[in-house]
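Chemist: In case you want the letters, here they are:
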Amino acid sequence: MSAVLTQVVKAWMDLGVVLVVPVFIFILGIFFKMKPGRAFRSAVLFAVSFTGVYLALNLLLDNIGPAAQAAVTRFGFKLEILDVGWPVLASITFGSRFFVIVFLGGLIANMVMLKMRWTKTLDVDFQNYYHWIFGAAAVYFVTHNFLLAGLTGILLAVITFKLADWTAPLVEDYWHIEGISIPHLSTVGWAPVYYALNWVIDRIPVIRDIDINPEGVEEKLGVFGEPMIFSLIIGGALGIFAGYDFSATLNLAINTAAAMTILPKMVGMLMESMAPLSEAAREYMQDRFSDGKFYIGLDVAVLIGDPSVITTGLLLIPITIILAVILPGNKTLPFSDLGALPVYIVWALAMSHGNIFRGVLMGTVCMAGVLLIATYFAPIFTDLANTVGFVSPVPGQAITCLEGGQQIVSYVIVQIISLLKSIF
Amino acid sequence: MFNKARKDVPNGEKAAYNAGKVKIIIACGTSVATSAIVETLLREKLKDNKVRGFEIYRKRIYDLPMEIKQINPDIVMTTSPVDPAIVKDVVYYPAMCFLTGGADRDRIISEIIQYIKERTEKKE
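Same order as they appear, the protein sequences are chains A and B.
Each residue of the first sequence is one higher than the one before, counting from 102 in our numbering.
Each residue of the second sequence is one higher than the one before, counting from -9 in our numbering.
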């Protein structure tokens, strides 16, 4: 019997991402009492949008890949790893074989911890379960142990809920939003670092007294931060560095802008496909935990409207580009995720009460870490992308994203496991 | 009846005659994730109530001042609290309740349905 089951599961997994995950989404949808038609539509939309992500990423890699390589050979340019952006990270993790085990493991861990009163966070932000899946994949890359990888995914979920509990009072103090916590691992993972940096700044004379208000800066930075215009400029600049002629440079600029405008839309569709499932799962969990006082765990996006957060994030864009060039050990060319920088520093602003001077200072230190971790994770990211079918047209082209560099908790766990592995 | 309802719609006069459809901007951090949840749920509710004559745009919160100028929307929803000055000329709804569930969400949905229906009836 189990042999038959193994055969069935294996045959199913061999169908490939575009079919495996939709089937799972359909089954999970039925479990959470979605109507079959609605669940079926979600499953098909997932497959369709995943195919769309594939097309858009290929457009990006087909154009940026060879240009970056030409620039590398021409100038000995060391930033050879492309930042393809968090939407790609989310897509490849949802498409990976760890999706099922980590998704269910995280969900069950959350319910057990709520039942036992070990956490107050009811995590209904299912789209961000991908952070744990990436951590699991990273551990698998290092150990080739599927069980250990799965357990790491669940451990990351547990850490996420605890960090979300810890930072929840800040959400109420700074944003005045009640009853919400942010189980978003890549941002709350950095919260302890920001806490330490803020503590240090509090003890430096003069520096600790500087307080800058954001008004006015944000409108001036707006156009530069828009992905379409921004990627047009970066694409053009890369063409010039690559030694392309006028027409090839313009084509590169437009193709880069096209890919960067289409890619988020495709991933947006992927998120739409998961929205009804999120809604059904949220109702299921809230029905079971309606008593007692809980935080509802949401995406970090609910904190992003704050002017100090936006301004600091936009100021960090040029700083990150400069850092990437001068930072020893960095090989990541920051690009796709630059527009998402405001997300990274929400806790820095909450802890410094909206002081953008401190936000930029702390953000700069952390972006150095993000670049180095993104560089470290590049082989893992590239391997994961290859296993779900995203292969760069330039042989050996490594890809990563700044959001991967945000996964500091996974980085620490992978480091510990590597260390233990080298001892035993 | 229509005029009475229109009084609490800021800028309603201008928007109503400028465009045929009710334009709704839903904004979040990246225009990818949480705004997708809001859009999906809103579309389903509007479809269930047989409401037509609307267009939904998903945008980033940072670009809102610029997008409001370009799109000239009737309704703006954001998943994160924003500076009230940015949305002072439109009908604004906080959309976080779409992520958490609850009574606020049902109220907002029925207000939007009401708004769109009144606009389409007026046209006919």
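Calculated directly from the structure, the hints in this document are not laboratory data.
Computed from a prediction, not measured in an experiment: that's the story for all the values here.
Note that CB positions come from ideal geometry on N, CA and C, so glycine has one too.
Be aware that a few hints might be false.
[Stated by the list, open to error] The list that follows gives simulated cross-link-like pairs (lysine-lysine, DSS-like), each with its CA atoms no further than 30 angstroms apart:
{"#": "1", "chain 1": "B", "residue 1": "Lys11", "chain 2": "B", "residue 2": "Lys78"}
{"#": "2", "chain 1": "A", "residue 1": "Lys136", "chain 2": "B", "residue 2": "Lys78"}
{"#": "3", "chain 1": "A", "residue 1": "Lys179", "chain 2": "A", "residue 2": "Lys136"}
{"#": "4", "chain 1": "A", "residue 1": "Lys136", "chain 2": "B", "residue 2": "Lys40"}
{"#": "5", "chain 1": "B", "residue 1": "Lys13", "chain 2": "B", "residue 2": "Lys40"}
{"#": "6", "chain 1": "A", "residue 1": "Lys134", "chain 2": "B", "residue 2": "Lys78"}
[Unchecked claim] Per the computed footprint, the stretches of chain B lying under chain A, defined by three or more beta-carbons under 8 angstroms from a beta-carbon of chain A, are:
{"#": "7", "segment": "28 to 34"}
{"#": "8", "segment": "84 to 97"}
Chemist: Does each hint fit the structure? Answer for all of them.
Modeler: Here's how the hints hold up against the structure:
1. Among the hinted pairs, lysine 11/B with lysine 78/B is consistent with the structure: their alpha-carbon atoms are about 21 angstroms apart, no more than 30 angstroms.
2. Our distance criterion of 30 angstroms between C-alpha atoms is broken by lysine 136/A and lysine 78/B, whose separation comes to about 40 angstroms.
3. A hinted pair counts as satisfied when its Cα atoms are at most 30 angstroms apart, and lysine 179/A with lysine 136/A does not qualify at roughly 52 angstroms.
4. Restraint check for lysine 136/A and lysine 40/B: the C-alpha separation of about 19 angstroms stays at or below 30 angstroms, so the hint holds.
5. Among the hinted pairs, lysine 13/B with lysine 40/B is consistent with the structure: their alpha-carbon atoms are about 17 angstroms apart, no more than 30 angstroms.
6. Taking the CA atoms of lysine 134/A and lysine 78/B, the gap is about 40 angstroms. The hint is violated against a cut of 30 angstroms.
7. Only residues whose C-beta sits within less than 8 angstroms of a C-beta in chain A count toward coverage, and the segment 28 to 34 of chain B has 4 of them, enough to reach three; the restraint holds.
8. Counting residues of the segment 84 to 97 of chain B whose beta-carbon sits less than 8 angstroms from any beta-carbon of chain A gives 4, enough to reach three: the coverage restraint holds.
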